[in-house]
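J.: Sequence:
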Amino acid sequence: MQFQTGDVVKLRSGGPEMTVSSTKDQDVWCVWFVGQEEAKMHSFKSGMLEKVQPVQF
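Heads up: the sequence shown is residues 2 to 58, going by this note's numbering.
Treat the hints with care, as some may be off.
Cut-off 20 Å, straight-line C-alpha distance, at most; resulting in silico cross-link-like pairs (DMTMM-like, lysine to aspartate or glutamate) [as the list claims (entries may be wrong)]:
id, residue 1, residue 2
1, Lys46, Asp26
2, Lys41, Glu51
3, Lys52, Glu38
4, Lys41, Asp8
5, Lys46, Glu18
6, Lys52, Asp28
7, Lys46, Asp8
8, Lys25, Glu39
9, Lys52, Asp8
10, Lys25, Glu51
11, Lys41, Glu18
12, Lys52, Asp26
13, Lys52, Glu18
14, Lys11, Asp26
15, Lys11, Glu51
16, Lys41, Asp28
17, Lys11, Glu39
18, Lys11, Asp28
Derived from the structure by calculation, the hints contain no laboratory data.
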């Protein structure tokens with residue numbers, strides 16, 4: 002599956018919703034928050050992720 006910057010994704014095994022910040026080949030860099038102030042960033046292989054519909058406020 003192809004992901005684009007700004008897509009909202011999560012791990013197929015569960016976990017928090019994350020925002021795609023960049024992609025390169027099969028590597029997808031994601032950003033998410035722990036609490037309200039701590040941002041995390043990590044790369045995942047695209048096969049580990051699935052798109053989700055972001056929560057609308």
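J.: With reference to the structure, classify each hint as holding or not holding.
T.: Hint check:
no.	hint	verdict
1	Lys46 - Asp26	9 Å, holds
2	Lys41 - Glu51	18 Å, holds
3	Lys52 - Glu38	24 Å, violated
4	Lys41 - Asp8	16 Å, holds
5	Lys46 - Glu18	16 Å, holds
6	Lys52 - Asp28	15 Å, holds
7	Lys46 - Asp8	15 Å, holds
8	Lys25 - Glu39	25 Å, violated
9	Lys52 - Asp8	7 Å, holds
10	Lys25 - Glu51	17 Å, holds
11	Lys41 - Glu18	12 Å, holds
12	Lys52 - Asp26	17 Å, holds
13	Lys52 - Glu18	9 Å, holds
14	Lys11 - Asp26	18 Å, holds
15	Lys11 - Glu51	6 Å, holds
16	Lys41 - Asp28	16 Å, holds
17	Lys11 - Glu39	18 Å, holds
18	Lys11 - Asp28	14 Å, holds
Violation of the numbered hints given earlier is confined to hints 3 and 8; the remaining hints are satisfied by the structure.
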